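*Asks:* For reference, the chains in residue letters:
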Amino acid sequence: MRERSHRTGPGNPARRGPRPVTGRNIGGLNSPRNGLRARAAQADSRHVRKGIRALIRIESVTKRYPDGTVAVDRLSLEIPDGSVTVLVGPSGCGKTTTLRMINRMVELSEGRILLDGADITRQPVNTLRRSMGYVIQNAGLFQHRTIVDNIATVPRMLGWDRGRARTRAMDLMERVGLDAGLAKRYPYQLSGGQQQRVGVARALAADPPVLLMDEPFSAVDPIVRKTLQAELLRIQEELGKTIVFVTHDIDEAIRLGDMVAVMRTGGKLAQFAPPDELLSAPADEFVEDFLGAGRGVRRLSFFTSAGLELTTDPVVAVDASAAQIAERATDDVPYLLVTDADGRPLGWARAKDAVGGEGLDAAQLLSHGRPFEFGRDSLRDALDCAVLSPTGWAVAVDGDGRVVGVASQETIAGAIRDAHAERKGSADRKAAAGAPGGPGATGARRTAR
Amino acid sequence: MSIFHFINAFFSDGSHWHGYDGIPTRIMEHLQYSFMALGIAAGIALPVGLITGHTGRGGNALALIATAARALPSFGLLVLMFFWLGIGLTPVMIPLVALAVPPILVTTYEAVRTVDPSPVDAARGMGMGPAAVLFQVELPVALPLILSGLRSAAIQVVSTAAIAAYVSLGGLGRYVIDGLYQRNYEIVVGGATLIAGLALAMIALFWLVERLVVSPGVRRGR
Amino acid sequence: MSGGAGFFDIPSDLQHTYLGLIGEHLKEALIPVAGGLALSLPIAQLCVRFRWLYPPVLWVTTVLYAIPSIAFFVFLIDYTGATETTVMIPLTVYSLVVLVPAIVDGVRSVPQETLAAAEAMGFTSMQRYLRVELPIAVPAIFAGLRVATVSSISLVSVGSLIGNEGALGNLLSDAHVFHRSNLAVTSVVTTAVLAIVIDALLIGIRMLLTPWLPRGSRSARRASVDAVTGPAPEEARPLEEAAR
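If you read the protein sequences in the order shown, they are chains A, B and C. Mapping to the numbering used here: the first sequence position 146 is 146, numbers consecutive. Mapping to the numbering used here: the second sequence position 53 is 53, numbers consecutive. Mapping to the numbering used here: the third sequence position 226 is 226, numbers consecutive.
In short, the hints are calculated from the structure, not lab data. All figures in this text were calculated on a predicted structure; none of them were measured in a lab. Note that CB positions come from ideal geometry on N, CA and C, so glycine has one too. Please note that a few of the clues may not be correct.
Some, not all, of what chain B presents toward chain A, calculated at C-beta under 10 Å [stated by the list, open to error]:
no., residue
1, R124
2, G125
3, M128
4, G129
5, A132
6, L143
7, S215
8, V218
Ranges between beta-carbon positions, derived for each pair [stated by the list, open to error]:
no., chain 1, residue 1, chain 2, residue 2, range
9, B, P47, A, P66, 25 to 35 Å
10, B, S12, C, F178, 34 to 44 Å
11, A, T69, B, G58, 23 to 33 Å
Chain C regions said to be covered by chain B (calculated; three or more residues, Cβ under 8 Å) [unchecked claim]:
no., region
12, 57-66
13, 71-84
14, 172-184
15, 195-208
Chain A with its partners taken away, still in its complex shape (with noise of 0.2 Å):
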């Protein structure tokens, strides 16, 4: 539930969209000198917003092997700056080869790749790939070397001096949440998933502008994965980088993606979108497929709670006197949310059976059920959450675990309703002012939470 939150809050706008750059130079991030400079000027560009911009940009890209199979074909891309991209789709889409070709792990047959407004292959092929981090699968971990000379690798490789490439080492270990206690550890003395931390840190070492991640956390179990999704949310939220992530598990492109680039077999673009439009708009019948059942309820997960109508008449405090639960129990409110001394929710009461009592008995009390965090868990948390209560009404708490107020089914169907006209209104609106899409759409979304 917690990592969910960091999509939807709107506590942190600066992670939604993509964040606007102003010319940057991606080759100097090669010498470790321009590197930190590099840095500093991204950290500055988020307080600038001009405008939009792709940071690698794919152009009508073409993948044909020597034996005639094609396994992109004329992709373009527009990959936004500071964002996460997922490339997503069934096995054979090309997602994985179109990802390597952005390094030349894989050399394209048609078209070009521009990153940053130059062509890649410009630049030696070695001096572009230590300019972005690169993940895989099985973390690709070198056995032979420790955790923190792995993760020094690049920095190394660029002619850091060992003091200097293990202190990073060491600050990224923390950056993604590894005991520091395990730097002297070799990989096969660490879970899959500590592995694969490893490998996101060494792909960060030296702080390279675009992150490849291929499937990174497809070999893991589901409850890791989903703590490394969060992780990896967090990790982006704080450095902002330009990330190019490719799964076969459309929830996850749906979780990560700013943009979600749905490919389908044959190496061809099905529909480039940000998550949300993916889900109200699938493009045709293999996307809509794809994304699988229950696309309008997934969909609440892009609408905030925050505009929720809470009441508070039904809260009672647990040592409330017989009159103050008389006062509350109304015609309009058959039960009675019992907190306790602090405020955080113990339990429903009927309210019949409260009115007239000897005050309330904690142990008489119907579940509660799973309360949302108001603000910052979605709206198809709190529907999530009405749903299943026995009473039909979610309760909303805080930061805290505070009751806030609750809110009935109804309430939240009006809420839904409200939200999607809304977000309607301001699809309209921008393209009446002939915004362009792609990343444009994105700009959308944050409007509308």
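Fit chains B and C to the supplied structure of chain A, relying on the hints for placement.
*Replies:* Quick look at chains B and C alone, frame taken from chain A:
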């Protein structure tokens, strides 16, 4: 009479420890032949094995060469070379090198070829050149298997170098061959014990080398 | 006394014809391999069943393998005399040394799921061994057999040093004694050809026994490495290549 009696008699005879026919001299000769042959074989087989293993091509050709080389009887080859080339180091080196190349070649090739492809992919993706990938990523991981190939070759070479004496060269085989001619079992058994001891010393040597050069991250599970 | 001087004029002191020597050579080379196989199957099975047993067994076999053939022969003369037995016992030990690790690794390479499936189907442990583990280990066993056989064929010749017990190898001593290099050629070529023919035969039998494997499969080659060097270090997990 047990062989232990002969062994005891051989080693307690002080005269066996001195001179051109003394144990130290013979051991040095034996080591000289062995390391020379091993060096030549490694010089041929390691680069070929590393390169073919790195590129992953030529495996079938290697297997064929290795099988053919293995089929050559070392002792027979030694005698034949002696006929063709006369007395000297060359006729001894040819069968010893032919003996040592297959295990080094095959294991090196397989060791490099079977390195987990994902770190290699990661290394390339990070911008390592082909030489860096081979020496910094593949070789350290392949090292235990390569060393086991070298160890196997070394043991066989040390054993087989004993027959160099048959074509009038020195080394520890001298004791065995001369002893057999003279029907002096004390010397035969003493020589054989020394050869076996030297072969065991090879195992110890390689164990030590492995401790020193193989990363603990790779050595696991042994 | 040495008859003619052709490649196939065998000196009379060997008391065998050319073909007789080949028969003798095969006998001295193959009986030890067969014996080694018969001994190594139960030993290997014990090592698979009791994992702790394997490292010490491996240690012992490595040490035995390090004992040079000539030294081994010499040690045995005291007990078994200058006979064929003296040649065949060391060769049996060498075969054992090659075969035990080959079989253990082969049986261990049987996937855990396969074993679980066999157990779930109600195989007894004996049935499981004979019908599942052993057949799947066949390529590895044959890789070991090939190495053991070829080296055995080569080593028989050394037996000539302890008094004409080396079959085709005896031609080498005679070449020396009678200064007839052509006898050495005959010996070397015949031994090499024998080794190659038997090796090819073993490959053929392996293919007949394992029709489910592609020819010259990599697993077989991989196993041949184990057979040459003893067990490999625990191999790195192969990359689970997702089908893309």
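*Asks:* Indicate, hint by hint, whether the structure satisfies it.
*Replies:* Hint check:
At its closest, the beta carbon of R124(B) sits 6 Å from a beta carbon of chain A; the interface hint therefore holds under the 10 Å criterion. Given hint, G125(B) at the interface with chain A, holds; its Cβ is 3 Å from that chain's nearest Cβ, closer than 10 Å. Here the hint on M128(B) is kept, as its CB sits about 7 Å from the closest CB of chain A, short of 10 Å. The interface hint given for G129(B) holds, since its Cβ lies 6 Å from the closest Cβ of chain A, which is under the 10 Å cut-off.
Of the supplied interface hints, the one on A132(B) holds, with its beta-carbon coming within about 8 Å of a beta-carbon of chain A, less than 10 Å. Using the Cβ-Cβ criterion of 10 Å, the hint placing L143(B) at the interface with chain A is satisfied: the shortest such distance is roughly 8 Å. For S215(B), the suggested interface contact is upheld, since its CB lies about 4 Å from the closest CB of chain A, less than 10 Å. At a threshold of 10 Å, the smallest CB-CB gap from V218(B) to chain A is about 5 Å, leaving the interface hint in force.
Distance hint for P47(B) and P66(A): a CB-CB separation of about 29 Å, consistent with the stated range 25 to 35 Å. Between S12(B) and F178(C) the CB atoms are about 40 Å apart, so this pair conforms to the stated range of 34 to 44 Å. The given range of 23 to 33 Å is respected by T69(A) and G58(B), whose C-beta atoms sit roughly 26 Å from each other. Look at the region 57-66 of chain C against chain B: 4 of its residues bring a Cβ nearer than 8 Å to a Cβ of that chain, three or more, so the hint holds.
Requiring three or more residues with a Cβ within less than 8 Å of a Cβ of chain B, the coverage given for the region 71-84 of chain C holds, as 6 such residues are present. For a cut-off of 8 Å, the count of residues in the region 172-184 of chain C with a CB near a CB of chain B stands at 5, and the three-residue condition holds. Counting residues of the region 195-208 of chain C whose CB lies closer than 8 Å to any CB of chain B gives 3, which reaches the minimum of 3, so the coverage claim holds.
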